[in-house]
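> Place chain W on chain Z using the hints.
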Amino acid sequence: MQNAKDTFYTTLRDRLATVNPARTMVVRSVTRPAVLVEENELPSDAVPVDAFRLRWTSLKVDPDGALPLVTMVCEIRYATDGSSGNGGMDRGRLLAAMDAELASALSASPRSAVKTSYSTAPPLPLNTNVFWGEVTFNPAAVAGERLERVATLEVFCYQEAGEL
Amino acid sequence: MSGLVEATAPVTRRVRAYFAPVNRTAGVPAVFDAAQLGGFALDAPPAPWIDLGWCSGFARKCATKVAALRTGAPAVAETQVRTEVEATVALEFESWGKLQMALAAGSQQMNLLVPTAGAAANGSGGVATAAVPLAAGSTAASLNVGAAASFNIGDLVAVDVDYTGQLGFVGSGVSGAYVASSAAVNGDINYVRRISLNVARVIAIANGALQLGGPLLAGAPSPGMQVSRLLGFVDREGGSWFQEWSALFVMEGEQSDRVIFHYPRLQAMQGAAESATTLAAPLERLRLTGAFRALPVKDANDGETVVCFRSYLPGAMRAV
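Those sequence lines, one after another, are chains Z and W.
Each residue of the first sequence is one higher than the one before, starting from 0 at the first, in numbering that gives the first Met the number 0.
Each residue of the second sequence is one higher than the one before, starting from 0 at the first, in numbering that gives the first Met the number 0.
For reference, chain W alone in the conformation it holds in the complex:
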């Protein structure tokens, strides 16, 4: 019982999503090469890809328009041209993590930093308490804050640089905001930590070091970074910010085949939204709903402008 087997339609049960940052300053997305990395283990994506977990309701939509070029009388379609290239993708994230929320928010996603006592109330959080400096020896998963620092197991922390008047894209690892002027952000020293995606949960404390539940997205802290405690996350309807990310969606086939969708540049095309699924009334499960528009890149092989790559890796010994 060996030899070639007829190719069958892929049978999949769910979609796994992965994120990689886009260098907003340089305008360079992350590129996934399915020829080199297409067979990666779903639980261990290759750098710089970060697991976003399973998602549901995955729907790709092609909005590319094709028109006929007609000649003669009566007019006959002689050939065709693409008059517009556009694609969108929609999905629901199964988990509410910082990254998932930041991507699905549709606008800016911020950290609710612990406010100072008596801070004036503000929708996205009041003036934050002073951040804690990092000592030498910190890593992506361990923050050396010293024994005197007041942190507890279970704390959420944001790790990033002070705001000292930077203009343009800010946020370590992933750009989380664009600062047009220092005045616009009140020169707030904690502003970068407020918009940073470089967050983690403290799961242990030993010898003045905070052990994190997962590595920081930006890697080992750079000199000058400080730590702020946060209570949660907040996003807003409105604003001017569009988060942009490189996306990878993998559908694992039950016959050891694999379908991979790669969108080098995605931006949200709707505001923050949730979908509710009734578990058993009145209990409802809320999923983050995201809808994204694909932006173009040039394929290095031929210079073509494209917005999405679909790769298919057939199972072993399948006819092609």
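Next up, chain Z with everything else stripped away, as it sits in the complex:
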């Protein structure tokens, strides 16, 4: 399952970086595409803005079948305060831009990727694909001057023999 989570993250990260190469963030002094997986970072109460944060929530395994089918729910959280140059009055536009970038990345064909193990160097492609369903955009939330949204989708994979 970790391979599927890693694969989905790297796929989404690369696609978002293609859609908008200018959307970057600095994490531990490294500039990288503005996408992170919360459980892979140092715990923090700070909410990075203008970046996508992936949070894995529920998990379901259907053992009936030639291979167990795993269904994981991924929340993608993002927020913006707008730009200081515009006094934050462009926060709606910036949130809409992030909505469009995420929708573009997730709806591009194919909506699947070869499951890959990143526990080795170089990464090792496995024999099945990770694939995902339709993304659901929840209503935007207003927190002071900040606009936030959570998008959710289901990510599917088959558990291959011998894979942990």
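Quick caveat, the hints were computed from the structure, so don't treat them as lab data.
Please note that the accuracy of each hint is not assured.
[Said to hold, decoys possible] Only part of the chain W face toward chain Z is listed, based on derived beta-carbon distances under 10 Å:
1) Gly2
2) Leu3
3) Val4
4) Ala8
5) Val10
6) Leu41
7) Glu251
8) Gly252
9) Glu253
10) Gln254
11) Ser255
12) Gly314
13) Ala315
14) Arg317
15) Ala318
Built from N, CA and C at the ideal position, the CB exists for glycine as well.
Chain W only, in chain Z's frame:
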């Protein structure tokens, strides 16, 4: 982590449809060979297949009847025979293009040619204005009409030959009608352009040439073809025409596998219909609904009479 993987049931999300014309005069359908072309890129189908886009509500139905041959007393089923072979397919097209409308119409589909001033009103369009001749140098995507011709960016055009008394199947690229007699179509010089599927949208005009939004279905215009402007499309409930087409439906699996359904000959088995899906009341989305009956062909490998081919291309390293 290499080697054979257990085969899983295909997981797909939607169906892509493709069209190829049937040569009605010769009675020859287009044949799709999955062994040669099954892995084609969905956005770039091999000739002569034309992309019809995504469709939904795809439903295949087998109506083949199998009966038991019984012998003895009491009768015991000794063997089986197929007493009827029949298959149907139903679907909803996601887009309302000329081809989709022509296929789903269930009967004849016509172009609403721009009528002459004062033309008598007619349900499928009044007498059309004179067509514009094509000059040399036209291609499937560029029509040389000359600088004097009055066309605008955004115009819809039909490109086809004049009606000069032809009998039988008419329409370039795809047969769009059957003419029993010249009198039946009033000897209308624009009749072939009225029923033609050889249509396109003008997206640019330069140096007397109309640049089309997509290539004409019949390819580069042949000598004698002319251009008529049209406003839209019309079909009717009734009539005697059955559009026939070769069909290909592809279900792309999420594990890089692929299911392909090939119907060499399909004819509509219902009249024009739409299905409405409520977006948010009172807004409704209308999809073209088509239902088709498969007609037979002979498989060259063994001479068997069949109506449909289902091919499955497994993903890499799947057990079979």
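> The structure should be examined with respect to each hint, and the outcome stated for every one.
Verification of the supplied hints:
1. Gly2: 8 Å, holds
2. Leu3: Since the shortest Cβ distance to chain Z is 8 Å, the answer is holds.
3. Val4: Constraint on valine 4/W satisfied, holds at 4 Å.
4. Ala8: 7 Å, holds
5. Val10: 7 Å, holds
6. Leu41: With a minimum Cβ separation of about 8 Å from chain Z (threshold 10 Å), the hint on leucine 41/W holds.
7. Glu251: At 8 Å from the nearest chain Z Cβ, glutamate 251/W passes the 10 Å test, so the hint holds.
8. Gly252: 9 Å, holds
9. Glu253: It holds, given that the least Cβ distance between glutamate 253/W and chain Z is near 4 Å, below 10 Å.
10. Gln254: 5 Å, holds
11. Ser255: 6 Å, holds
12. Gly314: Check passed: Cβ of glycine 314/W comes within 8 Å of chain Z, closer than 10 Å.
13. Ala315: 7 Å, holds
14. Arg317: 8 Å, holds
15. Ala318: 8 Å, holds
The earlier numbered hints are all upheld by this structure, with none contradicted.
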